[in-house]
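With the sequences and hints as input, model every part of the structure.
First to last, the sequence lines map onto chains B and H.
Under our numbering, the letters of the first sequence match residues 30 to 150, in that order.
Under our numbering, the letters of the second sequence match residues 3 to 499, in that order.
No lab work stands behind these hints: they were computed from the structure.
This structure is a prediction, so every number in the text was calculated from the model and none was measured.
We put the CB at the ideal spot given by N, CA and C, even for glycine.
It cannot be assumed that every hint is accurate.
Unchecked claim - Label pairs and their calculated CB-CB ranges:
#, chain 1, residue 1, chain 2, residue 2, range
1, B, Ile37, H, Trp418, 44 to 54 Å
2, B, Ile87, H, Ala12, 34 to 44 Å
3, B, Glu133, H, Pro381, 39 to 49 Å
4, B, Glu133, H, Ser63, 42 to 52 Å
5, B, His107, H, Leu283, 31 to 41 Å
6, H, Leu20, B, His107, 22 to 32 Å
7, B, Asn132, H, His65, 13 to 23 Å
8, B, Asn61, H, Val305, 28 to 38 Å
9, B, Tyr42, H, Val23, 17 to 27 Å
As the list claims (entries may be wrong) - Output of the computed footprint for chain H on chain B, the stretches with three or more beta carbons under 8 Å from beta carbons of chain H:
#, region
10, 36-48
11, 88-98
12, 113-119
13, 127-139
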Amino acid sequence: MKAIQTFIDHYNYFITIFLMVAGLYVVIARGNMVKKLIGLSIFQTSVYLLYIAPGKIIGGTAPIIDPAFKVYSNPLPHVLILTAIVVGVATLALGLALVVRINEAYGTIEEDEIFRQDGGK
Amino acid sequence: MNSIWPQLPALQIVIPLLGAVLVAFLRRGSLAFLVTLAVSWLMPFISAALLWQTMTTGPISYHLGGWPPPIGIEYRIDVLGGFVLLLVSGVSAFMIPFARQSVEREIHPSKHAWFYCMYLLCFTGLLGITVTGDAFNAFVFLEISSLATYTMIALGHDRRALLAAFQYLIIGTIGATFYVIGVGFLYLITGTLNLADLATRLIPAAVENPPAVYAALAFITVGISLKLALFPLHTWLPNAYAYAPSFVTVFLSATATKVAIYLLVRYFFSVFGVAIDFRALPVTEIMIALSLAAMFIASIVAVYETNVKRMLAYSSVAQIGYITLGIGLANQAGLTGGLTHLFNHAIMKAALFLAIGAVVYRIGSCKLDDLSGIGRKMPFTMIAFAIAGFGLIGTPGTAGFISKWYLALGALDHGWWFLVALIVVSSMIAVVYVGRVLEVVWFRPTGPNLKDAKDPPFLMMMPIIAFAVATVYFGFDTRLTAGISETVAKTLIGGMR
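Have a look at this one:
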């Protein structure tokens, strides 16, 4: 019973971990480069959740100082993750641009097929 | 002058960043090169001034936007930071004249300005990682330099460069994300991102909640190790180095991996080393084991490699093994050796990759079979290659000897004779792979494909000679390398629990 209670109390972390592992699995297991990038994005997104979730304090309000409120949420994780999102978007854009160029050069975006064309390396 | 002095830490980042923007607007290759040259030649002066300041008056703390740490982002430069800054900017300043003609030969004219823009961005990122005293800020700079690196690698004319860039992008992003996860844990435990503040706040946290601290340590170590190509996380490196444009290979091998190593040292000795009993954890043993694996396996792979650039890339993995070995030894002499090798390897590998870049410039190939007898056609280039090659082996009288000497001393301080023997034996493997190239270029008859080969133009020749001379110079004058490393190691080891 206690285990279930712990699970429910921390359900957001389990979602984070599931996304993290699932994303990493897709990156490793899939040969299609676009799918790899999707996996990478899921992996990165899970980290956004890891930061954002603890920043929310139950009963807390937006961090604008006002005598009517005593409890505020922590704004710093949001700012950090805003930066991380920008980095993630840039990475994804660059990755997709590379995939387009690879498709032009090789005529395929399947990793196995590309390795075969380059002579088994 | 007096008003500029305190702003130097910020200028170290702002100048190359503005340079990158300016270059992107200029759009003309030759103008872009001039701006890049001006920036690259200015930076070592700033770095030297900062290093001098840290050595005379102690660490510099610069508060961005006037917000005091730990609330604001702090740029913090100590002797180690100044040392790495001087290495990165100094090496870049010496190698930049090589870029002009090499880039003209290997990259499409419409992309020259973009290339220099990416180069300056990468440069900014690397300097940024070194000056920042903020864990998350380091991640942002890490990604700035990485994204620029992926782009530069993809500019290689072989289509395999695209694939190498893509693979590096995937692995590099996983590494950076691991790092952020680790930093996230640290932030959740301590509520701060300032590295100095983290170290103090981790001391009670490590007693209260050890698993979280260990998890953070593991994530950060693996994340940075992916970036610095610690064996067996090095798989992105050989292809990236082999197919990137020659100048990019030189730049990356001399600076990018070195800065990642700096970040690892920072976390090991200034953050975790201060907060927890680091030596009691199996981290150092794992580092030593992986370093030894790198020194042997990567060296043996290098022996069988027929593409000289790839061979040197595997040799880089092996040499990074020596540096991480010094970190793993975690004592005064060992860490001195590791940090000295950080500097010396940058110089020697720059000379080697520059020489091969000159060969590619002249004959368009770096396959070993195409190079037979090229020493008679490109004598100065190949003499420089030979000198740097001897440095790589660790011949007395070259820079490589100094670092391996300290590493051996570090091993002896632990009483590990077998480790000294292993350092010597692995150097023997370097004799084989360097000797193989030297045999082909000097003692074989000159091939018919080399009719028009000759030493590269003056601007490309000077950096090669400069780095070859430096390889010998730092084999005798060790004040800048081993001297500073010793000071740094004393501070870092002394600060540990």
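Hints, verified against the model:
A C-beta distance of roughly 52 Å is found between B:Ile37 and H:Trp418, which places it inside the suggested range of 44 to 54 Å. About 40 Å separates the C-beta atoms of B:Ile87 and H:Ala12, a value consistent with the hinted range of 34 to 44 Å. Between B:Glu133 and H:Pro381 the Cβ separation comes to about 42 Å, which falls inside the hinted range of 39 to 49 Å. Taking the beta carbon of each, B:Glu133 and H:Ser63 are about 49 Å apart, inside 42 to 52 Å as hinted.
At about 34 Å, the CB distance of B:His107 to H:Leu283 agrees with the hint of 31 to 41 Å. Distance hint check for H:Leu20 and B:His107: the Cβ-Cβ separation is about 29 Å, which falls inside the suggested range of 22 to 32 Å. Separation of B:Asn132 from H:His65 is about 48 Å and departs from the stated range, judged on CB atoms against 13 to 23 Å. For B:Asn61 and H:Val305, the hinted distance range of 28 to 38 Å is satisfied, since their beta carbons lie about 36 Å from each other.
In this structure the supplied range 17 to 27 Å is violated for B:Tyr42 paired with H:Val23, their Cβ-Cβ distance being about 41 Å. Given as covered by chain H, the region 36-48 of chain B fails the check, having 0 residues with a CB less than 8 Å from a CB of that chain where 3 are the minimum. Only residues whose beta carbon comes within less than 8 Å of a beta carbon in chain H count, and the region 88-98 of chain B has 0; fewer than three means the coverage is violated. Residue count for the region 113-119 of chain B with a Cβ under 8 Å from a Cβ of chain H: 3. That meets the three needed, and the coverage hint holds.
A count of 6 residues in the region 127-139 of chain B with a Cβ less than 8 Å from any Cβ of chain H is obtained; the coverage claim is therefore met, three being the minimum.
The structure is inconsistent with the numbered hints 7, 9, 10, 11, although it conforms to all the rest.
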